[in-house]
Every structure is written in structure tokens, then in C-alpha cells.
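Peer 1: Protein sequence lines, in the order shown, are assigned to chains A and B.
Counting with my numbering, you get residues 1 to 384 for the letters of the first sequence.
Counting with my numbering, you get residues 1001 to 1384 for the letters of the second sequence.
Keep in mind the hints are simulated off the structure, nothing from the lab.
There may be inaccurate statements among the hints.
One-sided excerpt, in silico: chain A residues whose CB lies under 8 Å from chain B [what the hints assert, rightly or not]:
1) Val36
2) Ala39
3) Lys43
4) Ser117
5) His118
6) Gly121
7) Thr311
We put the CB at the ideal spot given by N, CA and C, even for glycine.
2 protein chains.
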Amino acid sequence: MSEEFTFSVAATDGAARSGEIRMPRGVIRTPAFMPVGTAATVKAMYPDQVKALGADVVLGNTYHLMLRPGAERVARLGGLHRFMNWPYPILTDSGGFQVMSLSDLRKMDADGVTFRSHIDGSTHRLTPERSIEIQGLLGSDIQMQLDECVKLPNTEEAVEKAMRLSLAWAERCKVAFGDQPGKAMFGIVQGGASERLRVESARALVDLDLKGYAIGGLAVGEPQDVMLAMIEAVEPHLPAEKPRYLMGVGTPDDIVEAVRRGVDMFDCVMPTRAGRHGMAYTHGGRLNLKNARYAEDTRPLDPTMKCEASTTYSRAYLHHLVRAGEILGMMLLTWNNLSYYQELMAGLRKAIREGRLEDFVAQTKEGWARGAMDDGAGEGAGEG
Amino acid sequence: MSEEFTFSVAATDGAARSGEIRMPRGVIRTPAFMPVGTAATVKAMYPDQVKALGADVVLGNTYHLMLRPGAERVARLGGLHRFMNWPYPILTDSGGFQVMSLSDLRKMDADGVTFRSHIDGSTHRLTPERSIEIQGLLGSDIQMQLDECVKLPNTEEAVEKAMRLSLAWAERCKVAFGDQPGKAMFGIVQGGASERLRVESARALVDLDLKGYAIGGLAVGEPQDVMLAMIEAVEPHLPAEKPRYLMGVGTPDDIVEAVRRGVDMFDCVMPTRAGRHGMAYTHGGRLNLKNARYAEDTRPLDPTMKCEASTTYSRAYLHHLVRAGEILGMMLLTWNNLSYYQELMAGLRKAIREGRLEDFVAQTKEGWARGAMDDGAGEGAGEG
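Chain A extracted, bound-state conformation (with noise of 0.2 Å):
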């Protein structure tokens, strides 16, 4: 534990690093997934299972915390940690990219973004300042500044207004975050699949001397190849000293090319939201359980790992469970995938401090290739 909120890398291997986040709720091992605790739940999991694979951290959505239960609620019952019964460290958004593709008749201006409630149509307001109050509310330790994401494919023009907007904006959160010790607020990039605009938008961050950089905006349907080129432009202008985080990525492939090009933290719905939808994880690959050929199949997902669910429940069982809509079924795919994205973390930071990520790397994609794990029954490698 730590009173102040430090970062330290511990090796490095190529690009990626390996290191910790220390802050008084706790270690954040990195490179980190944190899986995503979209309502002040990982949804289809008890906190003390997340904890147990692995996550040093969740992340937490202040568009859906605002809307219901409501930021001040959260604060008198004494924050989101004791809410939700996780007293590790919690990471928020800003709600800005949740205002974006959730609420309905969203209104920008130059001083923030005024929305209508996905849920019952209400009225709110975002403002870079309203954003850290309420994720302050929330307690959370780690808070993110409010930005402007806009969709890819789009105009240079738009790019750069967005980029500018979320710069100005950086500023107004560093002011209204202030000094607190042990916690942070993270800036983030922006610029689309610009290059230039990218580096410019890191370089003014890193003039604010925030704790640590995201870099926002991607994962949003471009290609990999524009994803991982954007990391590499940026990558070289952010300080080695401050943690880095991809925002909502990704599929282990995306993760895996992002921690070789030194990305130190991600988050991502995937492996929830799959787990939900009848698809698993594995070091096989990607499997699909509503499909027929597994009716029959007697073998676990993945008798590797570590997880009950994914060692002591047949793949027959699992599938009768995803075709009947069974609540237990998305309980045991939602365990099995996050223990798969625990896992391949672990892997990533052991093979970091052992100089081998490259044979970690080739390893993993191999199994990936070779389908689920030894039939040719997975979709493919690892891919979303």
C-alpha cells in the first residue's frame, strides 16, 4: 500500500513494461485489465470472484452511476467502494463516451455536453468540472478527464475540433481535481487516426504534468493496423514515468500488440459482454457454445486454467445452459472469460520480467491458431 499514488516500472522487454500502480486501496499489477463494472457490478459475477482471478482494479461508468443510482446517493452511502463491496482500487470514465453512444439528443458546447437519461428521458449536464465532482462522489481513485470522442471514420476537421475541445478540457479537470493525494486523474489522447494530431494532443497533456495518460478515441471500428499505429505515434512523446492506458480494448490480440508497444493498463466490455452471449475464452481460441458441434462434447472449455469454470463444466453442459438462456450459464462463461484475460495478463508481466515476451507472444497467438485447444473447433485468434 502506498499513501501517495506512485508508479514504478520493474522491467521492461522491448516497448512493454511491467510494473505497479501503488495508492492506498491497493497494488495495481501492470500490465492491467480491469474488467468493466458498467452499474457498480461486473455484471454476472460476485466481487469477491473478480478479486480472486486477479483484477487489482475495476472500472466504474459515471454515465450509468449518475443516471441510477446518482452520484450523491453514492456519496451517503458512503461511496462506490462500499457500495458494491470492492475495496480495491476503482478506476472511472467521464461519462463523455457513454454520453456519445447512449443517451438521446446529447447538445454540445464549448463548456460541456447536456443530454437526455437513456433510462427516463431526464435532462442532465456533463461539464469537465461536474464530471471529477461526481467522480468524486463516487470515491473513485482513479478519474478520468472529460473528453470528446467522435466516431471513425471522420473529417480531419472534426478530429481536431474534438481533439482541441478534450485539451481545453484537460485543463479545467486538472484545475477542479486539484491536489489529492493517493488518487489521480488521468488525461487523455486524442486526434482520431491522425498521427499529427495525436502527438500534438499528447505533447499538451504532457505539458499538464498529469499522473498518467490514456489514450481515447480508438476501438471504435477502425481497423487494428490504424489502432496499434496510433499507439506507436504516441507512445514515444508520453514519459515512461506515468502509466498508460488503451480505453475499451480490446480482444486478447489487441491487448497483447498494445502491451508489446508499451501500454500499461486497458478495459474492455469484451469478455463480459461475450460471456453473456454464449462465447468463451480459452488458449484455444475463441469458442462459440450455441453451436451444435458442442451438444455432445464432454471436455471442459480449457482444462489449463485456472478458473471452476473453466475446468469442471463440460462444454455439453455449458451449451444446453447458453441454448436454455440460463442465468448460471452466463455466471460460468463471464468467470471462464475473465479468468482467460487474468490469465494472459499474468502471462504478459511474467514474461516481461523474464525477457521472453516474444515467445510469450508467438506461443500464445499459436494456440490461438490451433483452434480450441485441439480440434479446430475455435472461430479464430482471439479475435472479438
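Starting from the structure of chain A, add chain B where the hints point.
Peer 2: Just chain B now, with coordinates in the frame of chain A:
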């Protein structure tokens, strides 16, 4: 464990009994509540949680399992115990009740019932012999005779006809079941709300010398006093040395009253179904977590209980999860409810063995009447 199926009564208190059913897969402590595992899963629960709460046996539904995944498939996969990771005793119903309540276009004749699946419209047939064959393919430890269960109220003529058909089918099921050491086939007393028909049914079934006797066709909408009158009418005619199973019952109050009248076994979807609909059973009665009064209630559901779901999470959090439709809300409330039911059964067993059942019942009912632990927020006397 035991190679044979045996039942022994260790203590009585009035008409109530406490004892043990022994069989190769385990011991069932009576009075016992059997969680319902409809489609090879106790909904929203991991099987090891169900066991840890004190459930010695779960119920599987022949109707659901014969349609999906299919009895022959379950047999090829090693039987229901292996399929659902429940190595302990399983009781299966005959399928008859759910054919009546769930299927389309059913047609009864003296030899069985033909019906269409509610899942895909396919046509199926259940006869006494096929029901026992299916239960055997599933590997069920306690199998139930096929019966005809009519809705109440009904004409005496219709009830009598169904009772006589059920008796004829009991004989055929006994022959079909044959001699299976370590397993049992139970007969089902029918006769609606008629004492005369119930007594006739019980006597005729006892003449068949079956290993246990169920009371069926109750908890189908009749008032509680009718149900209890039927138990009282039947009980003196059932052999003391055989277990007695009240099918599909019920609320905590129904169970307490039936135990006082000599019933040993129960099953009901109430704790699991209620848990998926925002309802919590506690020592202070039933709470409806959807209610806005819980929005900022920081107390746990019931701090006197053993299970984490009852003691660790605030009502405010559960209220939020239920309102947001989160799976974790269903998981936690189901866990709490099954925990409450199993603690109630453990309390009844202990009280019977200590000769203080009436005191225990009075205290239990006082708790329900007092309302939700201390503030009158309960919904009342343990009613479903």
C-alpha cells in the same frame, strides 16, 4: 452413505418427525427442502453454493429435461449428476404436472399424455413407463410416478377420475421401476380437496408398498387451510416408516405448518423465482427490494443469517441492482432466499430433535410478524 435406500425417524415432536434418508449418493436430513433445478441448474446459483447452504438434494424437472437437452443425451453424457456437477441425491418429478401447466395441445388418454413442446412445438408422449425410463436415463435417485394433476377447484367427478388414473399409473410405474437398490420410486396421493378421495388414494398407494409417498395436486391455488386439511386427512394413513413429500410447497409458513403435520420433504420454486423478481425472504418476513424505501437503506438483508448475500450487501445496493435489472441482484437474492429456506429447515430439524417445535414455530412466526428485522418494512408473514 448406504447401498440401500433407507429412511429412519430419529425424533418426533407431535406429528412432526426428523430423520434421515440414506442412499448411495448421500444422506438427506429431514424435514428437507429441495431447491428446484428445473433445467439442470438451480437458477443463478453455482452447485457448490447450493450444497454449502445445506441442501442435501435438488429436484430436476423431467418435462424440461426430456425436451432440452433430452433424456438420451443426458444419459450419453453420463447422467444428470455429472452433467450439472451435482454428485448428491437428485429427485425428479414425472413430467406430468408440467405437461399440464406448460405444454400446448396436450391430449390425455388412459395410457398417457401426448403434448407439444412449449420450446419448439415438437410432439412428445409420456406414459407411466416412459416417464420412469426418462428418470432412469437421467440417473435420478428418487423418481416419481406419472400422475394426473387437475386444477382446483374442480368437479368431484373430474378429481376422482384423475385420482383413479393416477393410481393405475402408480402400479404401472412400480412395475417399470422394478427393483433398483439404492433408488426409490414414490407414489403420489391425489384426490383434490376431497378427504374421501385423498384417503382412498393414500390407502391404495400404501397397498403397493412403495418406498415413499408424495402428496400431490396441492399448492395449485387453493387456500392454505384446504391444503393443511388434506395433509391431516392423509397423514394417519401413510406408514410412519416411509418418507412423506409435499410436492410444490411452498411459503415458509406453508412449510412450517406441513412439518407440524408430519411432512418430511418439500420442493418449491418460490425462493429461486422470488430471488429473480426482487424479493428477499428473511427472519423478518419477505422484503420487496424494488420498493423505494430501500434506496438508501444501508442495512444488510438479515444480519442473523450465515450467507454473505444476507449479511455483506446493503439493501440500498440490492435495490439498485434489482432496479437496474442486474444479474448480480438475482444471484444475491436467490442465494439469500435459499439460505433462508435451508436455515428454516435446519431450525425445524433441531427443534423437533429437542422437543421444542411449538416454541420454534411461535418464535419464527413472531419474527415474520415483526416485519423486516426492526422497522415494519416487511411484507408480512412469510407469505409467498
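Peer 1: Confirm or reject each hint.
Peer 2: Hints, verified against the model:
no.: 1; hint: Val36; result: violated (13 Å)
no.: 2; hint: Ala39; result: holds (5 Å)
no.: 3; hint: Lys43; result: holds (6 Å)
no.: 4; hint: Ser117; result: violated (13 Å)
no.: 5; hint: His118; result: violated (12 Å)
no.: 6; hint: Gly121; result: violated (16 Å)
no.: 7; hint: Thr311; result: violated (11 Å)
When each numbered hint is compared with the structure, violations occur for hints 1, 4, 5, 6, 7.
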